[in-house]
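Residue numbers (the working numbering), protein chains in the order written: chain Z, 1 to 1156; chain P, 1157 to 1311; chain W, 1312 to 1536.
Hints were generated in silico from the structure; no laboratory data involved.
Straight line, CA to CA, 30 Å or less: simulated DSS-like cross-link-like pairs of lysine-lysine:
1) W:Lys-1413 x Z:Lys-312
2) W:Lys-1415 x Z:Lys-314
3) Z:Lys-497 x P:Lys-1310
4) Z:Lys-550 x Z:Lys-573
5) Z:Lys-791 x Z:Lys-607
6) Z:Lys-497 x W:Lys-1415
7) W:Lys-1415 x Z:Lys-312
8) Z:Lys-687 x Z:Lys-791
9) W:Lys-1459 x Z:Lys-314
10) Z:Lys-330 x Z:Lys-312
11) Z:Lys-542 x W:Lys-1413
12) Z:Lys-214 x Z:Lys-74
13) Z:Lys-497 x W:Lys-1519
14) Z:Lys-747 x W:Lys-1518
15) P:Lys-1206 x Z:Lys-497
16) W:Lys-1413 x Z:Lys-497
17) W:Lys-1459 x P:Lys-1206
18) W:Lys-1459 x Z:Lys-497
19) P:Lys-1212 x W:Lys-1493
20) W:Lys-1493 x Z:Lys-497
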Amino acid sequence: MLGTTVVPADYEIGKIPDELSHHPLPLIYFAGLNINSNQTHHYVWETFANKRAPDRTPMQYRLMDNDCMIPPSKQKKSTYDWYVPKGILKTNWLIKHLHEVPSVAVLCVELDWDDVNFNTRKQECVNQVEALRGQFINRSCRIALVLLQKSLTIPIEDAMTTERASNLCEACDINATSLFVLPYQDSQHFLGYIYRMEAAFFELSSSYYQQEMKFIRSHRDQLNKTNHGLLFVRHQFKLGFFSEMRQDFQGAIKNYKQAYANLMEIRSSLTNIYEIMVIAGFINYKVCRLLFNQNDPREAIAHFQKHINIFKSKDETPELEFEHFAWLSKQFSIFGDLFDAAIASGLVPGQIQHPGYYYYESALLAIKRQAAIEPFRERVQFINKDTALVLIEEALRIEFYGQRPWRPGCQSLNPLDPEKEREGIKVLQYHELVYINHSTLIINLLKDAMNQFKRNKCPRMMRFMTVLIAQQYYDVNDYPNCLTHLNQVLPFYRTEKWKQILVSILTTAFNAAYSSANLTEFVKLGFEFLSSWIPAELEFKKSIQESILKVLSLQSPLNLKNSEENIDEAWQKMFIEGTYDTQITIKMNPIVPFIEIKPVFSQKAYKWQENVHLKLYMLLNAPMPMNFDKLSLTFDKSYYNQFCNYCPSPKSSIDGDTNDNALLHFEPMVMKCFEFNFEARIEDYGKQLEITEITLFMNDNPIKVTFNWINENPSDNNKCFSHNSCFSSSPSLTSSSTSSISSYPPKFYHITPTLTTFLEPRKPIVDLSLVNASPALLHEMYPIKIVIENKDEYSIKDISLTIVKMEEAAETQTVSFILDGFPLALGTAQKLTESMIDPGTSLIKIVYLPISDLNSQRFMFSVLFSVNSAESTAISSGPNLLKEIVSIQAINPFNISFTTCTPLNTPSRVIRLMEPFVLKADITCLSPLPLELIDCNVELNQNIFHTLPYIPTTLNKLLRSDDRTECHFALYSESQITQETGLGVLVIRWKKSTTSNHNSNTESTEEDGCQINKIKFTLPAITVQNSYLYVETKLPEFGTTRESLLLTYNLANRTDDLLPLSLSLDKSDNFMFAGNCSVKFSIPAKSQSTQLFVLYPLVCGHVSLPKLKIILYPDTENPIDMDNVLEDIVPSYLLVMPQRKIYTPFEPIGNAVLTK
Amino acid sequence: MIDEVLLDLLHIELVNTLVTPSSNKSELNVTELENVGHSTGYRLIERITKDSHRFKDELDIMKFICKDFWSVIFKKQIDNLRTNHQGIYVLLDHRFRFISNISSSKQFIELMPKYLAFSCGLIRGALGNLGFNAIVTGEVVKPPSCRFQVQINKT
Amino acid sequence: MELPTIIKMVPSVILSFHGLLMAFHGDICESYFNFFKCSARKLQHLIISLSNAAILKFKSILDKSEWDVVGCLQFRMSVLALVIVNSDNYPVFIKTRHDYDKSKMSAEENMNILYNMNATLDIIEERQGQNQNRDPYLGLLNQCESYKIYGLLSATRIKILLMVSTNVSVMFRDSEARSTLKQLYSSYIDVTTYNPFYCPGSEVQSKKLEELVKSVFGLTADYNR
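I would like the entire structure built from these sequences, with the hints used as guidance.
Below, the structure written as structure tokens:
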């Protein structure tokens, strides 16, 4: 260090000198190598010293010249009794042991074991060793001898080698372990030899340092704490250092920590406080660095914290307060560097534990440092600069670290020479003021901090650093830089809305813009500052507003700062040079608004050909009235822009009342409303209409200003134009602020802006009508004509029909209707086969609905369709829905009464087993419309049969209202029925008469009314009685007087036994007859017996036949008289005709019996 | 329990006052009532979560709504919670208090939605304060059983 | 937490919502409020009489020990700033010692404190994403040379930050921070839920809260309320 030129700027408080930050490595000297002329030597040296792989043993090698002087060791004191140390740590000690005093000196000699002149060469070698020894005065440095040999391998240990080796060692007075052989021509193993030697050198070096430490420790007993406190520190520091040299880091940490502890025991006074601080800083540096290297960051942080806590409040005289802050600041930045270095080699920092905070703290202290020196600026002006410089240079060459150059080595506790002190301190202050650039220092620290915060997930902290940097720039009047930095963070703090922070930044930025005559920024920030949200003095705001207007008309602003600085000049200069924008655009969305706009569409949607009505509410919250020249709105469809321009001339007036109202003149806190009306274009119907931008113009001045609101969230009505509760101040927010604004119009606050509206497309002109002929008849498929008439200019398509029976739950709609001949379910949409209805045409469909009961029923017909209008959105393409409800009142088409008759056509309720009976259906038509009866059939229950093979009867009878018709069915039952049981059903197939459909008031088509309906009536219930006997009578249709006729009774036994009976035919005046008048006989089971009578009518007319009497079981106790039964089945009358002239033979007896 | 009755009565009056017939007769205008519910829910959740831990995730929040939140208001929990794990949750209350006293006949079913609006708002408000933008709809399944569907909008 | 809460809230919401209060509702609300007020007052009396006893007992212990109320106050005096931040990170309530006593803190320091409080949101946002500990009380969030920041993060993402100076002899303890933050949180909830005029998202104005905050700053002796 001696001899190097020093510059005053090198003097840095708390700086860690290079020798301290240097990594301690064992120092090895090489002697005997002539690297410049000897190739081999060069190669050996290069391998040791320069081609170092990272895994090599850490070593520092130096070449030793022959005349190299090793600093001699001072004669150690035999006793410390009277020794008073002058300081803690000498500035040259570390350098000495790092770079000058080796632990091992290696002598390289070319000597082969089998050298012919071995002995001569040996002597030379011994001499060289001796010479080397001579260079170390009082140094116990180890000496090693390396023999560079030509042989290709390590020679085999033979007697000669061993002998010569021991001989050599003896002669040189070195240990056998310090003798090395290097066969430099063995290129294969050369590196291996080197590494092994290196390891051995390290051992030697280690033992050297060990010895040094032992030596230092040996002093300890002679020291006492009262006098030698400094030595305790010094020795302990040295121990730490040597441990480090040995690469014993744990030991080093222990020793350094002890040194720190010893240091803390020293009584501090004004004399030595700075020295203690400096040394403490050094030791702390060492400890922390070692701890970081040992991957123990927690301990490092803890140690640093302790260190800071001890020295934080140890302040010196106010004159030197700056020095204390400087030192503290340095401590933090040094620790930050150490931390950062540790991160670089793999340590993972945390969000709240990383170098950023230390740099930040350092910067804060640097700011304090700057503040602390500021008061002395004037005092220092009168200093003799030359003597000051001398003293500063002195300070850089001081013998002990941390001592004052004007009193080196002073450790006395006596009061100091006040004059000398004052002068000395003055010099330090002078240095601080002249040679230290505080703001650069601070800004650099802040930038370091900023980078760290950025890296470690602390964006807000990072922005805070940016603000602090800007503040520094502001303080040194570097306004452009200040503004650049503030503009970086302003958008963030505007959205963060921490009022005090934002206001503080805005204030600084505004002042910077003002002071640097930055017109654009001044106007932008000035307008923002006017907002009532910013709590500033009203008067100040007014002067800002005035200034803005002045600036816009190229005049200097008012003096806003109340400072002597002649800012006016800067503005004038700027105007003259013309370095300003003539057009300023202010984006209003992000900034604190001084004027607020809320656009409101009167409706969420506008119907076809309805005027769009738009209101624009505006409110100025600046302190003074303001005028604008033009207001314009921009829509997403630029066509409408023309309707929403407002550029008032004195004549035009929208609000109409006063001129003032019509102008774009705003009074503070008075809400104004502008209205716009326009018609939408046809092609825009069916689309959204959106305001994309609102622009206010201030064009009256040489510098034109445009205020621009942009709709940032298209189709999001709620967040438009950044109108959030915090910037657009609500009454509750502003009442606390100092600004004395009159209350906010609550009406404005409650307006919800709407930025979009919808232009509803018109409905297509399509009619749906239902035509039906009431009434409906029960159980008919009731025809309803659907007419879909397209009156629009577009064709319609995708037509589907849904019929829902109302007042009925969905799941019960199982009934189906008939369309195009197919049954389809109710309640589901049916696509119509017709794909399209062209403009001007209609679609007619007939649907048959089932009429299942007599209640009044309502059906809803819904027709869905789309409009085929690909080219236009103005018409709602659909699906469009048409609905029509039809109400149906049903009546019964027929009234039917049933009667059962005996085969003799006498009504009878009694039906007997196996005996035929007649079912008569009397059908009355109730329908007002003529009905055509197609046929009429019965569906019989089991056991009931037709008497004859069944042929469906076809009637094809036309019935008009109240017409009647009858149907007869001859039936019999095969089994006895005791419970009343239905016979079955009567099925009538009918349709509405086509020929006389005169009730229908529309033109009837052919298919109209042709649907054949079925109606079913339940047949009456009957019981079937069992009978014993059946009598079948055979008789001609009529008789003729005095002509005999044959009367046959077929008697059938219906029982399973022999049936005894007595039969008699009563006498009659009308007839003469022949046959058994009275007879008794039995009929075997299930068989028949025939009784024949020949009758001879005597009178003509309707004459009663002789009465047949049958008594069953005549001779038993319970004879059964069959009179009742016979009455029903045996004819009792016969028509007797007068005798004719022409003889008519008997017709064969056939069905006549039944047809009668 | 006087408290419960009071809430019921207050709710009835809320419905009567705030649900105005809209131009379209079939639809009830429940926006205002829903908004009252929203504000109430927003405030209420603040209070209910006072002593609870922060929530792990969306599902954790929904569980809280179903259990604690519902219990505070209705003295019972939601009976069934289902989710598609994509932001849609279905909450089933088998016996929803605000409609449990209304006859389940046809004529009242049309009116029932207005008795759900307030509660839909409550859920929406609660979720809103917990940081989730949601759409909440309610439907009467079979009186007095109700289903609330919550659709959380990811922002 | 019992049912009346919601009933209390509904009318206040209506009140604030549209200023709409039909006569009938008014009746219900009023009578209910009266009812509730009564019971609340009774409850309060009970609590006060109970806590008075407790305080007396506590005081007797205090008198015997080295501890004194002044000591308790002292760590209150170390409170530098208090911020309540809502879920949108908007500060609904800010108080720093500067607001009470301009001599104790320079305007610059005050701003730095605010920036630091603001920056603490970074740490909270980081914590918000972590799931392991979901206790609202976050504990010590950050510690710098001259201050410590304690925080609370509620389920509704309300953040309360308390900055305490480390440059005082009496250390602010974690338990103290916890109870203070909980107290503040509870008071905040009272304002934002029961005050019918409070509009969510706006700044909080409440005498009660102010009083509590004053005691947190150690400006009123009766910090136990």
